[in-house]
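K.L.:
Chains as they are written, first to last, in my numbering: chain U, 12 to 502; chain P, 1053 to 1163.
It should be emphasised that the hints constitute simulated quantities derived from the structure, not laboratory data.
Beta carbons are placed, not taken as given, at the ideal position from N, Cα and C, and that holds for glycine.
Be a bit skeptical, because a hint or two may be false.
Here are some of the chain P residues that sit facing chain U, going by a computed Cβ distance under 10 Å [claimed, not checked]: (1) Glu-1072; (2) Asp-1105; (3) His-1121; (4) Leu-1123; (5) Asn-1125; (6) Ser-1147; (7) Gly-1151.
In case you want the letters, here they are:
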Amino acid sequence: MSALALAAAVKSGERSAAAVVEEHLDRIAERDGEIGAFNLVLAAEARADAARIDSALARGEPVGPLAGVPVALKDNLCTRGVPTTCSSRMLEGWHPPYDATVVQRLRAAGAVVVGKTNLDEFAMGSSTENSAFGPTRNPHDTSRVPGGSSGGSAAAVAARFAPLALGSDTGGSIRQPAALCGVVGLKPTYGRVSRYGLVAFASSLDQIGPIAATVADAAACYEAISGHDPLDSTSIDSPRELVTASLERGVDGLRVGVLAELCAGSTRVEGAAGSAVEGVAADVIARVDTAAAALEAAGASISVVSAPSAVLGLSAYYLIAPAEASSNLARYDGVRYGLRVDAANAAEMNVNTRTAGFGAEVKRRIMLGTYALSAGYYDAFYGKALRVRTLMRREFAAAYADVDVLLGPTTPTTAFELGAKTADPLLMYLNDVCTIPANLTGHPAVSVPFGSGDDGLPVGVQLMGPALSEPILLRAAAVLEQAAPSGGGAR
Amino acid sequence: MLLERAAYPSDVSGRITRAEAAHVARLARLRFRDEELDELAAQLSAVLDHAADVEALDVTDIEPTSHPHPLVNVMRADEVRASLERDEVLAQAPSVDSGQFRVPPILGEAP
Chain U
12 MSALALAAAV KSGERSAAAV VEEHLDRIAE RDGEIGAFNL VLAAEARADA ARIDSALARG
72 EPVGPLAGVP VALKDNLCTR GVPTTCSSRM LEGWHPPYDA TVVQRLRAAG AVVVGKTNLD
132 EFAMGSSTEN SAFGPTRNPH DTSRVPGGSS GGSAAAVAAR FAPLALGSDT GGSIRQPAAL
192 CGVVGLKPTY GRVSRYGLVA FASSLDQIGP IAATVADAAA CYEAISGHDP LDSTSIDSPR
252 ELVTASLERG VDGLRVGVLA ELCAGSTRVE GAAGSAVEGV AADVIARVDT AAAALEAAGA
312 SISVVSAPSA VLGLSAYYLI APAEASSNLA RYDGVRYGLR VDAANAAEMN VNTRTAGFGA
372 EVKRRIMLGT YALSAGYYDA FYGKALRVRT LMRREFAAAY ADVDVLLGPT TPTTAFELGA
432 KTADPLLMYL NDVCTIPANL TGHPAVSVPF GSGDDGLPVG VQLMGPALSE PILLRAAAVL
492 EQAAPSGGGA R
Chain P
1053 MLLERAAYPS DVSGRITRAE AAHVARLARL RFRDEELDEL AAQLSAVLDH AADVEALDVT
1113 DIEPTSHPHP LVNVMRADEV RASLERDEVL AQAPSVDSGQ FRVPPILGEA P
């Protein structure tokens, strides 16, 4: 049952919030041992919240659009008094003294938090194998990764542990696991959803967004969490866009551009492209072509659009994001919260703490970022990456003068085997090649399940749009959802 | 010990040596064994080699973008407001003394 159907059933009295929560807790108890989506299941808290909603309903009080809907939170979102680990030894046992704004807003909408989900440590990774607490497995095939870094959230929705989850997306961490798990993932416009209470990774890129089994659920969740927040200085100070009311309006007359740089091998792109990113599998591109045809059949016009700097996105991202991370993660010094490994003096204590508390990938990114920012290399690497970011903004702005949305794959391949890419960091980073442009430009993008690959595993197609185009993106996503070939959905 | 500047050649391939990795580790307040440093040096070199496409660009006339939106300074009204409870915050600290964070000595000999 979708989140919206559950909320409707709870509000009509057809089902109690308590029964809905119990059903999901049962499913978690039954199968999460195998999947490993959750770092922490909040059974008692969820039961208490559900009981509160049921009694509010009994008293005839308003309960919100997501009344009684179980939600899973990525474990880098602060929950007051409830452990928030970022899947790192560094924060094991930490109890935040406040709730993230998105958590408050979901609760205000009536949603019931059922647990905190696993992630790549501090959201750095594309497979959820970098967790200090063990990997999460893909519900479609437990020998495969769920993607990452929001792999726990995507797996939780795919396994129907919760119809809704929140993730965070710095280079694709909502969309990539959503694609690999056959669910919907939306990275909103940078600044549209408050990041107050999101543990920072790369502050000019991070954005919180929904993962859901349906486009309508993702839209409802987005509507519940978006909007200005004075507690986040990067929050956009304008009224939020409403997305649910216009969701069924279709794509008649919509101008869709197939992004050539992400679609080498597409029948539409053939001969049109200059250089394109390598490694996007033929079965994934075939799904993008089918999606383009589906949008065309629904009344959209399709053209091929080029943004040459998109091929530079991966390199620019893997300089910018680690640089920002190296600065953000300097706060883990063993002084104010989290782990401390003591020493005779403070500097040695800092080193001992960070060396013991961070995992290998986090250390690698801190090293890369520190190097990119260090004297003698700043201009050659970080400085140039920032200029590439300007190029991308210009080229995507030019593209959006001609089309309303861009279409491409979300990921180069379907879900890969656990362990397949852990030995080669660069190989792992290549998973983000299609999702990174929207982070560097700050634009919204959504991944929609669209059938399966040759291996039978889910494929996601990605729609990107200019800033604050969420209403149009989600409308187009709803059309694709209706047209999607069978297979690859939540299970 | 500071590494000599000479250990920072402007190597176009972006290769990192063990000594450079050790220097960066010191800046980042991390400690590695020698074999870990060698592995990191190789892995970081591979990433930087991939970034050669960015490094090779002539983008001198393009201004940098550090942030998706033009940033303006956001200030709240200058009035006293409640903040987080001190005891609740300090309860999360590894070591506390007299309502403050306690740390090992930062200067001089250890006691």
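K.L.:
Next step is simple, just say for each hint if it's right about the structure.
P.N.:
Structure-based check of each hint:
Taken as an interface hint, Glu-1072 (chain P) checks out: its beta carbon lies about 8 Å from the nearest beta carbon of chain U, inside 10 Å. Hint on Asp-1105 (chain P) holds. Least Cβ distance to chain U is approximately 5 Å, under the 10 Å limit. The interface hint given for His-1121 (chain P) is met, as the beta carbon of that residue sits about 6 Å from the closest beta carbon of chain U, less than 10 Å. The beta carbon of Leu-1123 (chain P) is positioned within 10 Å of a beta carbon in chain U (closest approach about 8 Å), and the interface hint is therefore held.
The interface hint given for Asn-1125 (chain P) holds, since its Cβ lies 8 Å from the closest Cβ of chain U, which is under the 10 Å cut-off. With a least beta-carbon distance of about 7 Å to chain U, the hint placing Ser-1147 (chain P) at the interface is held under the 10 Å criterion. The restraint placing Gly-1151 (chain P) at the interface with chain U is violated, with a minimum CB-CB distance near 14 Å, outside the 10 Å limit.
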